[in-house]
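Enquirer: Take a look at the letters that make up each chain.
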Amino acid sequence: ETGVTQTPRHLVMGMTNKKSLKCEQHLGHNAMYWYKQSAKKPLELMFVYSLEERVENNSVPSRFSPECPNSSHLFLHLHTLQPEDSALYLCASSQELAEGFREQFFGPGTRLTVL
Amino acid sequence: GNSVTQMEGPVTLSEEAFLTINCTYTATGYPSLFWYVQYPGEGLQLLLKATKADDKGSNKGFEATYRKETTSFHLEKGSVQVSDSAVYFCALSDNTNAGKSTFGDGTTLTVKP
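So the protein sequences, as listed, match chains A and B.
For the first sequence, our numbering begins at 9 and goes up steadily by one.
For the second sequence, our numbering begins at 19 and goes up steadily by one.
Wrong hints could be hidden among the right ones.
Negatives, chain A to chain B, calculated, CB over 10 Å [what the hints assert, rightly or not]: (1) Q14; (2) V20; (3) K27; (4) G36; (5) S79; (6) F83.
In silico BS3-like cross-links for lysine-lysine, where the CA-CA straight-line distance does not exceed 30 Å [said to hold, decoys possible]: (7) K30(A) - K74(B); (8) K130(B) - K118(B); (9) K26(A) - K67(B); (10) K67(B) - K44(A); (11) K27(A) - K67(B); (12) K49(A) - K67(B); (13) K48(A) - K95(B); (14) K48(A) - K118(B); (15) K74(B) - K130(B); (16) K67(B) - K78(B); (17) K130(B) - K86(B); (18) K30(A) - K48(A); (19) K67(B) - K30(A); (20) K44(A) - K26(A); (21) K78(B) - K49(A); (22) K44(A) - K78(B); (23) K118(B) - K44(A); (24) K49(A) - K130(B); (25) K30(A) - K130(B); (26) K48(A) - K78(B); (27) K49(A) - K95(B); (28) K130(B) - K48(A); (29) K48(A) - K27(A); (30) K118(B) - K30(A); (31) K49(A) - K118(B).
FYI, nobody ran anything at the bench for these hints, they're computed from the structure.
Glycine residues also receive a C-beta, built at the ideal position from the N, C-alpha and C atoms.
In isolation and in its complexed conformation, chain B is listed as follows (with noise of 0.2 Å):
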């Protein structure tokens, strides 16, 4: 079946430090990947996704490149701040699962001024 690994958490990083969140995947079909953020109090909202081997997702400066060879999805920023405090999901879809999302465990980032 499908699995999701991330890298295990508390992270604790200054303002403006480089940040990286590893995920490796073990998927039976041709998945998508997604990275899905959790600010505190609320629900999970997506970040970034790659539908296909060598894409790359990106937004609020923040970048993933889906790496067949590898089977891995990291999570980069070149420079967190303090709103980039939250919990970090990734995740993969593909046709053969009925419609269930694998997610990972979930990574704690905090960011101190």
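Chain A on its own, in the form it takes in the complex (with noise of 0.2 Å):
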């Protein structure tokens, strides 16, 4: 495999379910990003980890937690979703600099649809 992959492409989920979206880096990346793509809205960054340190976390409702037990892998784990959480969630990459970040290397991301 290469570059970022995302687990599941697509998911369907009632509303009480408990699910996981995973991606995997394969580039040596240091920081790792979340986010929600909906229908005719801007791109949302949801959260931010850098060398495993979550350091953006932008409002987003409890009902979404993220997970990154190494620099290779981020789970975004989903509880009680509701229907306009029904999206694109797009995962990626990119490398840390001291003098700034290069650019974001993105999965193909999981559609998911909420019951």
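Starting from two chains that each stand alone, build the complex the way the hints lay out.
Expert: Put into structure tokens, the structure is as follows:
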């Protein structure tokens, strides 16, 4: 595998389910991100992890819980979601440098539908 | 804080037409600038980038020049193809924002044969 992979690619869940999205990067990067992309809305940054520490949490509801066990893996745990949470969830990674950050590499996304 | 404003879409062009998608930015530091492209059903992928003023990024016939005096990074292509139909995002990143990139809202381009 190369680049950034995400599983599953598609997920349908009920509002009472618990599920997890997985992201893995094979690029040796030290920062990882979760984004939410909804139809007709701007890309929303949800969480940023740098060197496995969460450095950004953009007022995301607690029903979304991120986990970064190591620099290559990132999870998004989902619990009691709402229909408005249906969206494409994108994972990305990048390399943090002293002078700034390089471009982000994105996975293909998980298309989530909440019934 | 940082912000990116890009041309509202959707943009519809005929094949071989000239493309410009405008992008302007505000930033507190000295950002790097990027254009990403998202094809249907896929994630974003980097199209081109420029890391300092007057740099020109280019890829697949697309070009953009980092203009510090006008805080702009407009995307251009001389002759678009149907396969260029996608959503294009302008973005910036710098070292003052905890690693966060700032994205524009995206511009949808449709190229008709």
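Enquirer: Would you mind marking each hint as holding or not holding in the structure?
Expert: So, going through the hints one by one against the coordinates:
For Q14(A), the shortest C-beta to C-beta distance to chain B comes to about 8 Å, within the 10 Å cut-off, and the non-interface label is violated. With a least CB separation of 17 Å from chain B, V20(A) remains clear of the 10 Å interface cut-off, as annotated. Separation of K27(A) from chain B is adequate, the least Cβ-Cβ distance of about 20 Å exceeding the 10 Å criterion. At the 10 Å boundary, the C-beta of G36(A) stays outside the reach of chain B, the nearest C-beta of that chain being 16 Å off.
Taking the minimum C-beta to C-beta distance to chain B, about 13 Å, the non-interface status of S79(A) holds against the 10 Å cut. Interface exclusion of F83(A) from chain B stands, the closest Cβ pair being 17 Å apart, more than 10 Å. Note on K30(A) and K74(B): the hinted pairing is violated, with a Cα-Cα distance of about 36 Å set against a maximum of 30 Å. For the hint linking K130(B) to K118(B), the alpha-carbon distance of about 35 Å lies beyond 30 Å, and the restraint is violated.
About 39 Å separates the Cα atoms of K26(A) and K67(B), which puts this hinted pair outside 30 Å; it is violated. About 23 Å separates the Cα atoms of K67(B) and K44(A), which keeps this hinted pair within 30 Å; it holds. Restraint check for K27(A) and K67(B): the C-alpha separation of about 36 Å exceeds 30 Å, so the hint is violated. Taking the CA atoms of K49(A) and K67(B), the gap is about 24 Å. The hint holds against a cut of 30 Å.
A threshold of 30 Å between alpha carbons decides the hint, and for K48(A) with K95(B) the separation of about 25 Å falls inside it, so the pair holds. At most 30 Å may separate the alpha-carbon atoms for a hinted pair to count; K48(A) and K118(B) meet this at roughly 22 Å. Annotation: proposed proximity of K74(B) to K130(B) holds, straight-line Cα distance about 28 Å (limit 30 Å). Using a Cα cut-off of 30 Å, the hinted pair K67(B) and K78(B) holds, with the two alpha carbons roughly 13 Å apart.
A C-alpha spacing of about 34 Å is found between K130(B) and K86(B), which places the hinted pair above 30 Å, so the restraint is violated. Proximity of K30(A) to K48(A) is assessed by CA-CA distance (about 25 Å); at most 30 Å being required, the pair is judged to hold. Between K67(B) and K30(A), the direct Cα distance comes to roughly 28 Å. Compliance with the 30 Å bound is thereby established for this hinted pair. A C-alpha spacing of about 18 Å is found between K44(A) and K26(A), which places the hinted pair at or below 30 Å, so the restraint holds.
Proposed proximity of K78(B) and K49(A) is supported: the alpha carbons are some 27 Å apart, at most 30 Å. Pair hint K44(A) plus K78(B) holds up; C-alpha atoms about 28 Å apart against a cutoff of 30 Å. About 14 Å separates the Cα atoms of K118(B) and K44(A), which keeps this hinted pair within 30 Å; it holds. Between the alpha carbons of K49(A) and K130(B) the distance comes to roughly 25 Å, so the proposed pair stays at or under 30 Å and holds.
With a C-alpha separation of about 37 Å, the suggested pair K30(A) and K130(B) falls outside the 30 Å cut-off, and the hint is violated. A threshold of 30 Å between alpha carbons decides the hint, and for K48(A) with K78(B) the separation of about 27 Å falls inside it, so the pair holds. With a CA separation close to 26 Å, the supplied pair K49(A) and K95(B) stays within the 30 Å bound. For the given pair, K130(B) sits about 22 Å from K48(A) by alpha-carbon distance, which is consistent with the 30 Å threshold.
With a C-alpha separation of about 25 Å, the suggested pair K48(A) and K27(A) falls inside the 30 Å cut-off, and the hint holds. For the given pair, K118(B) sits about 21 Å from K30(A) by alpha-carbon distance, which is consistent with the 30 Å threshold. For the hint pairing K49(A) with K118(B), the CA-to-CA distance comes to about 19 Å; that is within 30 Å, so the pair holds.
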